[in-house]
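There are 2 protein chains.
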Amino acid sequence: MKTLFSLLILLAFACMPLGMKAQEVKSPDGNVVVNFSLDSKGCPTYTLSYKGKTVCKPSKLGLTLAKDKHANAGVHETDLKEGFAVVDTRTSSFDETWTPVWGQYKQVRNHYNEMAVTLHQTSADRTIIIRFRVYDEGMGLRYEFPQQKNLNYFIIKQENTQFALTGDHMAWWLAGDYDTQEHPGQTSRLSEVRSRMDMCLNPAPGRKPDGMCDPVTGNSSTSLVSPTGMQTSLQLKSDDGLYINIHEAACVDYSTMHLDLDDKNMVLESALTPDAVGNMCYMQTPCKSPWRTVMVSDDARTMLSSYLIYNLNEPCKIEDTSWIHPTKYNGVWWEMIVGHGNWHYTNDLPSVRLGETDFSKCKPNGTHRANTKEVMRYIDFAAANNLDQVLVEGWNVGWEDWANMWKFDVFDFVTPYPDFDIKALNDYAHSKGVKLMMHHETSSSAINYERHMEAAYNLMNEYGYDAVKSGYVGDIIPRGEHHYGQFMNNHYLRCITEAAKHKIMVNAHEATRPTGLARTYPNLVGNESARGTEYEAFSGSKPDHTVVLPFTRLQGGPMDYTPGVLETDLSTWSNNPHKVHTTLVGQLAVYMVMWGPLQMAADLPENYEKYSDAFQFIRDMAIDWDDSRYIDAEPGAYITVARKAKGTDNWFVGGKCNEDGHKVTVNFDFLDAGRKYECTIYADAKDAHYATNPKAYVITKKTVKKGDKIKMVEAPGGGFVMSVMAK
Amino acid sequence: MKTLFSLLILLAFACMPLGMKAQEVKSPDGNVVVNFSLDSKGCPTYTLSYKGKTVCKPSKLGLTLAKDKHANAGVHETDLKEGFAVVDTRTSSFDETWTPVWGQYKQVRNHYNEMAVTLHQTSADRTIIIRFRVYDEGMGLRYEFPQQKNLNYFIIKQENTQFALTGDHMAWWLAGDYDTQEHPGQTSRLSEVRSRMDMCLNPAPGRKPDGMCDPVTGNSSTSLVSPTGMQTSLQLKSDDGLYINIHEAACVDYSTMHLDLDDKNMVLESALTPDAVGNMCYMQTPCKSPWRTVMVSDDARTMLSSYLIYNLNEPCKIEDTSWIHPTKYNGVWWEMIVGHGNWHYTNDLPSVRLGETDFSKCKPNGTHRANTKEVMRYIDFAAANNLDQVLVEGWNVGWEDWANMWKFDVFDFVTPYPDFDIKALNDYAHSKGVKLMMHHETSSSAINYERHMEAAYNLMNEYGYDAVKSGYVGDIIPRGEHHYGQFMNNHYLRCITEAAKHKIMVNAHEATRPTGLARTYPNLVGNESARGTEYEAFSGSKPDHTVVLPFTRLQGGPMDYTPGVLETDLSTWSNNPHKVHTTLVGQLAVYMVMWGPLQMAADLPENYEKYSDAFQFIRDMAIDWDDSRYIDAEPGAYITVARKAKGTDNWFVGGKCNEDGHKVTVNFDFLDAGRKYECTIYADAKDAHYATNPKAYVITKKTVKKGDKIKMVEAPGGGFVMSVMAK
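Those sequence lines, one after another, are chains D and F. Under my numbering, residue 727 is the last one in the first sequence; the count climbs by one each step, no gaps. Under my numbering, residue 727 is the last one in the second sequence; the count climbs by one each step, no gaps.
Think of the hints as simulated: they come from the structure by calculation, not from any bench. Certain hints may be false.
As the list makes no split between identical chains, a pair holds if one copy fits it or if it spans any two.
Straight-line alpha carbon distances no greater than 16 Å define the calculated EDC-like cross-link-like pairs of lysine to aspartate or glutamate that follow [unchecked claim]:
1) K423 x D262
2) K709 x E82
3) K149 x E400
4) K149 x D348
5) K663 x D632
6) K646 x D419
7) K702 x E678
8) K542 x D88
9) K41 x E82
Note that the coordinates shown come from a computational prediction; the quantities given were computed from them, not determined experimentally.
Please model the entire structure based on the sequences and the hints provided.
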């Protein structure tokens, strides 16, 4: 990765006297203003405003430390909350432009003003630093803990970072949970969070859970934060028209932050993920917290175009990134998700043991999909349709009893089932210019995965796999740990860095929500960490889902959402009665609004053949970009974006909307002047509707040039896409 | 390992009708009788008697299962305690003689009668088997769980195995603790356990803890089982003269058992070690519990000579055992334990980070003992004095902040400090016919150790180490787990089996107490798992300690007790004010009563030079045996034993006693008739006393022959040893 430092000016040093005078730092454009001060108890507080409007009222900062039994061995007990004095304040400015390995833009500007406040807690003789970085689109703040005589090891019992909001904002939120982000997304006023949660936590007699709409639904692993707990990134909109987004950046060696709402005062406070004994983080100085971020704008599109989260991460640490590449893939997956086949090989065994069960002597169940013949069919399809890789799930032994048993030795990640010829299939794929994509479901037995990881990556190298989809379904082992705790966050990162040594790209499902680490480790090409397309085969996701996720889940990194289900009625080919909650064209539009360098064409080859003309968009589309222009956007309502394909002059345009439909005019002002483009438009038909008539679409072609305008009408739950190819 | 099956007779099959009739199985000599029956609620019970005397009154058997949230996924909730019917009873007999790789005897007879009772629980349609093996010296029983439709995965919340005693026996006990066995040993009636524990748990105002005598003392990691909880092996003596010992055998994939005393009824019940969420064991059928063992005899010596625990373990699983050998060693260790030097290299850093801290740039503290010069001195001494290996602790980076910080990445086990030349030292040792012994302190960060283990073992292979002392000081990581839980028990075994692949012998300190696994994995050459000699440099151990341990701790396997501290007054060479609580000769005697293939000569070279004539016994002594004859024994009072050195005609005799002193006549009836032996006698001097005159000893030589008798007088806290060399 090339990083261009275009400007780096240390503007000023200012050593402030002790006292409680507020210190201020503004964004480069002056619109975002952060004020820092100590309150009467010496507690650090800040305020945040945008264009003169308050975003965060005085909000406290600090940390509660655990009372550890080894306190006498140097672990500290006094909280880092009060009794501070400012001993130093340094401000500076930074401006660089860096080149991401993949993403929305060819280059990214990282431009901020910084203020680092050094605080001394007299009673315990300890020093911490609170660092603010203020961007035109918001700010990040973090705690830093220098190595010092009285602060070497400490245990965080809770972080007490507040975001004191100005009112009862609209919120696009997810129930706060230490183990899953797959609850259905919610849209409500903040004041309604408690009653919505309560509806599930204390259901009225006879109330039937609504798996698509309820804030809390069954998941194989769930641990709620509180009756008003929410996940980040949390997208808010104030009544005075500000879009506010709260998240975190660079969560490394720390547990993931949730937000606990004081709904009397509309104050959000950090709620970290506990470990098995109820502690949040184990710290050794010198160290720092992740960045706590507040993005703010009066234009919703800024939420989507901003690289604030990435900018707050460290530059790329992988020297040679030539092996990291965009990947369009299909896979032996949707068949099983829908229930039309199985991951496991035999129905004979109620449980199996690695290294003991002899699968060659078991009776095949006949529904195991990861078999050589079926995989060859997917390889043929991928090769013929411009797809790079074929994911195969259920290729390795252990699926007979993998889920929900809290089983330790669940998979070895190297032993194929007897009907999966790993060598022949990789050879066949390579002969057709396609690669297989590896699958490592861990069943959340993280220690088992770590034991086998090196051998598993070696096997991938041996057969020519260069990407792995990993999974963390179910309760974590080490038992008592949560998916989003410090231990697991370190585990996920360890997987990424170990994989990088093997030149392997990682796409971790059920792992913690991303916080921009892909800037530092761009082989983290995707994550799930939200309710994916699979739910369309279970209890469904509402049509607005994919016009919320880009505002929330995608802040920290791309999602492997696995769209492209063109046969939206699953009952046409399986016993699954569900229908996808978009139009067919809406499925195509998801690729444009849910950007990322890893994109699955999730549907079956035979379904794509059925809709081959619409599938042409998937064949053609780029998934890595030199530029992105958001045409319009509103959380939960619509997003329209034009993107320029990496290294080409071609553009791809897409719009996606919620159940209300949407109209938008695409102005081709982004095209090169004096050049003609062949534009193929994939649109919902006039009478299309996600629920009643999803597969009605119209494909038209026209030549367009800079300045042309096309008015698009998106059906309820629909959208549109265009390929705009330079002639 | 060669196993000789001399006899294997399946005596009888007996399929019993449903019902509550008692079923009986006797030991081969008829002295031990076990009766099994179901009580009126269908709860399995057993009784045990010896020569007509009751040992265990009707005692219940069964398991309480956890109520798991994934019950609907096949995890069962109904307890395995009541509602059983007997559907099958099979009795058989077994007699084999096997050859241990090392131990007290050249060959071991494994002779028992067995009864396997198959029980069906109608309500849940589940079947379990309770298997009894009855030996002349006691019995073992275990639970077996066949794979079946309604029992595949289950979680044990508690095991409810009872040992209903006949009265208020004398007990040699340790406070029940999930994390340490280093509390001081206790001798009392069972009825006194509660008040002794209470003395520590609820101390009287102003009471000063007694670190040598109290049942509970400070340890870097301690988690008490209950106010009447005790460890196994528990040695008891009834008023009618029976010696009874309760322990377990073959604890594999299960958590370690403690004993909870109902002191109204004198009933002991199993108390397993919980995991981080309070569950005891995660089970997948087919599977089994460890054996629960009750040894019984009217001769205390039987407790010491019995191989019942080993016999209940599986035969050796290591095909080639030629690389496993007895090892006499010294080490760079006692200096640091006493406080005369440090494990760590620099005092400059309050904390360090693997891979980041550059020790070559740190200022050495000058007290780091694992330096090349010092280690060479130990190598020279070992080579000159018939010692096989030199342990070096503190050789690797990370000791600056290793303890009590719950630090995850604490050691890498491969990077030496700058002053430890690993290549040169190994080369030098090998040139002198000596090996270095590796040291892997894990600081209980088990996951970190597993991450580095393969590289660490490879390093050992590279430099020619073939034995490792490992350590588990402090609280376990994964946090919330205990030293004796199922996870850690599996970890310890994983270390042993992985080490075996590298032909490495393992001596794990602070690991769970052994249960005879060394029969199956004889590269487990030692464990600590009790209060070792190091405590003589801290708060002390009472003189009876080493005449209790052979009855208790040693039942499951040898202990790396690290005796041989001939300079019993530590203040003569250090600032440590403590004195060892034995006479000098008592230190030599420990080698004879605490048998094991790994024995340390713990004292400093200069101290051995000071007592070179007494040290001659350590130079000469064998540590692996073809035969052992216990001359007399009484728990906590005295043990006298004669042992025949493996593969020779030489004998070594030793006696050790408590603070009361002891007199014993050694009858040389074990010698070969018609042969003369040169006998060197190391005796306490007449006025010797462990407290007032410990270093008074007399060395005499005489020629002995079969039938000779020598009367020995052991001083308070003293003993004697003899080398009896065939002429």
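Against the structure, the hints come out as follows:
1. For a Cα distance limit of 16 Å, the shortest separation of K423 from D262 qualifies neither inside one copy, at 57 Å, nor across copies, at 62 Å.
2. With identical chains, the CA atoms of K709 and E82 are never at most 16 Å apart, being 58 Å at best within one copy and 79 Å at best between copies.
3. Taking the closest pair of Cα atoms, K149 and E400 come within 16 Å of each other only across two copies (14 Å); inside a single copy the shortest separation is 54 Å, beyond that limit.
4. For a Cα distance limit of 16 Å, the shortest separation of K149 from D348 across copies, 11 Å, qualifies, whereas the shortest one inside one copy, 62 Å, does not.
5. With identical chains, the CA atoms of K663 and D632 are at most 16 Å apart within one copy only, with a shortest distance of 10 Å there and 99 Å across copies.
6. For the identical chains of this complex, K646 and D419 are neighbours neither inside a copy (39 Å) nor across copies (54 Å), given an alpha-carbon limit of 16 Å.
7. For the identical chains of this complex, K702 and E678 are intra-copy neighbours only, at 6 Å inside a copy versus 111 Å across copies, given an alpha-carbon limit of 16 Å.
8. In the homo-oligomer, the alpha carbons of K542 and D88 never lie at most 16 Å apart, since the shortest distance is 51 Å inside one protomer and 58 Å across protomers.
9. Only within a single protomer do K41 and E82 lie at most 16 Å apart by alpha-carbon distance; the minimum there is 6 Å, versus 62 Å between protomers.
Of the numbered hints listed earlier, those contradicted by the structure are 1, 2, 6 and 8.
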